[in-house]
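Generate the whole structure from the sequences, applying the supplied hints.
Line by line, the protein sequences are chains V and L. Numbering-wise, numbering that gives the first Met the number 0 puts 169 at position 170 of the first sequence, and it's gapless, one number per residue. Numbering-wise, numbering that gives the first Met the number 0 puts 75 at position 76 of the second sequence, and it's gapless, one number per residue.
Quick caveat, the hints were computed from the structure, so don't treat them as lab data. We treat Cβ as the ideally placed atom computed from N, Cα and C, and that holds for glycine. Do not take every clue at face value.
To be verified - So the derived label-pair ranges between C-beta atoms look like this:
1) V/F158 to L/A97: 43 to 53 Å
2) V/G66 to L/V366: 48 to 58 Å
3) V/S160 to L/R393: 48 to 58 Å
4) L/P189 to V/E241: 50 to 60 Å
5) L/I31 to V/N165: 17 to 27 Å
6) V/V124 to L/I23: 15 to 25 Å
7) L/R393 to V/R287: 47 to 57 Å
8) L/L104 to V/P74: 47 to 57 Å
9) V/G251 to L/G32: 32 to 42 Å
10) V/P74 to L/N35: 37 to 47 Å
11) L/I137 to V/V124: 33 to 43 Å
12) V/L313 to L/R393: 22 to 32 Å
13) V/A239 to L/A97: 47 to 57 Å
Stated by the list, open to error - Each computed DMTMM-like pair below joins lysine to aspartate or glutamate, with the alpha-carbon atoms no more than 25 Å apart:
14) L/K129 to L/D186
15) V/K120 to L/E395
16) L/K229 to L/E285
17) V/K120 to L/D18
18) V/K91 to V/E236
19) V/K254 to V/E241
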Amino acid sequence: MQNVLNPGGIPFWRNVVFIQWAVQIVSAIFVLVIVSGFIFNVANEIREREIPFGFSFLDDAAQIPIGESVIAYDPSQSYLYGFIVAALNTVKASVLGVILATLLGIVIGVARLSRNWLLSKLALVYIDTFRNIPLLIQLLFWFLIVLELPNVREGYVFFDSFYLNNSGFYLPWATPLGGFWPWMILTFAGIALGIGAYNYLQRREITTGKPSYPLIAAFVIFILLTVVGFVIFTPWEVVAPEPQGRFGRLQGGAKLTGSFFALLIGLVIYTSAFIAEIVRAGIQAVNRGQTEAARSLGLNTIASLRHVVFPQALRVVIPPMISQFLNLTKNSSLAAAIGYPDIVSVASTMTQIAPAISLIGMVMVTYLAMSLFYSLIGNIYNRVTKYAGVG
Amino acid sequence: MTVGVPGWIRTNLFSSPLDGVITIVLAVIIAIGAFNAVNWVFFTASWEVITSRVPLYVIGRYPQDLYWRPETALLLVSVLLGMGWRMWGGLARGFAIAIIIITLLAGVLPYLGVDLSPPTDPDAPPNEPKHLVNAMFILNFVAVAVGYGLAMIPSIGRAKTFFITAVVFFIISAFLIIGSSYIPGLDPVPTQDLGGLTLNLLLAAVGIVCSIPIGIALALGRRSQLPFLKYFCVGFIEIVRGVPLITLLFMSRHILPLTFPETVSIDELYLAMITITLFSSAYMAENVRGGMAAVATGQTEAARALGLRAWQTTIMITLPQGLRNIIPAIVGQSIGLFKDTSLVFIIGMLDLVEMGRVTIQGNLDFVDDGHEVYIFIAVVFWVFTSSMSYVSRRIETALGVGRR
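If you want it as structure tokens, here you go:
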């Protein structure tokens, strides 16, 4: 029987297995000593300075006002509920921000590649300016601009239904009526049927070679069901804000408060500058030979864009884009500087009474959950679009 | 048709009717915007909020008696810029000239009756020019010349010497500016007195310089096949990258002090430095990992074939080539970190942005000058970040990254 530590006569200190285990054990001890030292100190300090700790506070009444919320909130509700309200505010800002920043970023990115010299240079100036100035200054600046708007009665009105003044931006918004849920079910059915029809027709087109217009068919099915549902159920109506009473308070529609409006403008402009660069790089990354090859195979312009250029550009664009979405979500924490009640700003208000350590832990876990969500999307995308036989 | 100025205009501005409409609309918008901007800058805006308190924006409430310390640090920077001017020209020359002009103005203006000292009591007599302070400002052009001269010596005018000098000067400057109770003659400056642009630059420089070794260690840990090390590094990197810096700073204020024994009291400045360094190392680790992954596998195989051990291969082959790959990424990260240093307001430090905000919110005279303050600060940041990104593009071209 051969000695495990001495195979083939190599002394044990030169045995790879031994070295690896030794390094691992030494580093584990090293890390454990440091980490446990920190934890020991923290625990000690918590005990000695009687710093509050634990999660029992979550059921108590929060007693702090939260300026705006997606779901109804009042200060008598619990800390946990207040925390969820704040987290939803963060989600609201980041979802809207991601959508608008993507749209604006694509427009700027395409403008950057325009053959029009003036347009292209203007896009370059936009990108260079907003990317290179700290978001905090931009937010403070936009917030200043919003605060300097005239008051409610003298504010700007567009088309009799959009109101812009120093208390925020008011716009017409859909109010759900009785038939909302049946309509939603029909709409989702439309999406499902559309995807099914798309897959079926696409397969038919590939196997038989007959043009079957899968995309058009899918959209027709979806729009037909949605419109029919709308006519049958009248699911919602659009209500425009109306000035009420002596002080011209605006009622109805949707309201974006001043700080939310400033946050949204700042996040969208800042992130769109980054997205524009990603879009530009993505389009430029597709080799011109690809278009030429597609054209010489007999695909027309739209078909070569749709089947050859866009799929390849998207492959370059989507991963950095997702990391920009994550950045936008994390950057929304700067809301604390302009008084929008996001998760960080509410949690820091709560720390005046509740244990700071627990709250910071909760905030960090929430952000980690969001970043995991984004990387999950990224991984799924990578798996779906992976080239056969590559990496 | 495409020759000469008319041809250029036709192909680039009026290639189709739609193109022409876009050009005209944009030209009108730009003209109106430019007119309003010029009008505002020169006639509407009141710049007194900036000019009357320049030192506050530059270095905060730093004690005037100790101005020689940051000024010495500035002289060291000038020497470096002089070296850079001789070695690469370009942007280093631009910065060297800018610093000479600015410091000459700062040194000479007090003798021409312009008071640049920090605002004091309005009833106090005007400050006498401080000869030492002004002389040290004026000396900057000498420092640039010294640097230029040094770089002419072949053994000194090399990139390696430059970077070693830069790191040594950086450490000296940091100690000069912050002070240390262990060095006689360099009393620590109270954290509340250190602020303005100097604080942003200091935090960003400390964050980047210190995060390089930590980032390399984390990246090597993540690449290793030892599960414990690997998952510890992965956990650290992903957690730090998954949360905003603001929550980490927030945590540093509440938790970091508790991780040290009670006898060690930690100043906010060091808390900010530790947090920013840890934050930056996680991103640096990912850069290093990316750079090392881009090194061709043939390099490793060749090294192994020559008989190098695994650690020798990493230290002598993969890591240097990987680091070379990521120089532009490090500059990019410096830009991001420099912008992020504006977040230290959350732990109550008076960096450039917070100084501006305090100025307009705390002074009845300046309540309406918010635009001026924020635009001034934005321009200052923009000058630094955009010149850094210019440097990054130049290095990228010089190294030929992505083209080999």
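How the hints compare with the structure:
no. : hint                         : result
1   : V/F158 to L/A97: 43 to 53 Å  : holds (49 Å)
2   : V/G66 to L/V366: 48 to 58 Å  : violated (23 Å)
3   : V/S160 to L/R393: 48 to 58 Å : holds (51 Å)
4   : L/P189 to V/E241: 50 to 60 Å : holds (56 Å)
5   : L/I31 to V/N165: 17 to 27 Å  : holds (25 Å)
6   : V/V124 to L/I23: 15 to 25 Å  : holds (18 Å)
7   : L/R393 to V/R287: 47 to 57 Å : violated (27 Å)
8   : L/L104 to V/P74: 47 to 57 Å  : holds (55 Å)
9   : V/G251 to L/G32: 32 to 42 Å  : holds (35 Å)
10  : V/P74 to L/N35: 37 to 47 Å   : holds (45 Å)
11  : L/I137 to V/V124: 33 to 43 Å : holds (37 Å)
12  : V/L313 to L/R393: 22 to 32 Å : holds (31 Å)
13  : V/A239 to L/A97: 47 to 57 Å  : holds (54 Å)
14  : L/K129 to L/D186             : holds (21 Å)
15  : V/K120 to L/E395             : holds (22 Å)
16  : L/K229 to L/E285             : holds (13 Å)
17  : V/K120 to L/D18              : holds (14 Å)
18  : V/K91 to V/E236              : holds (22 Å)
19  : V/K254 to V/E241             : holds (12 Å)
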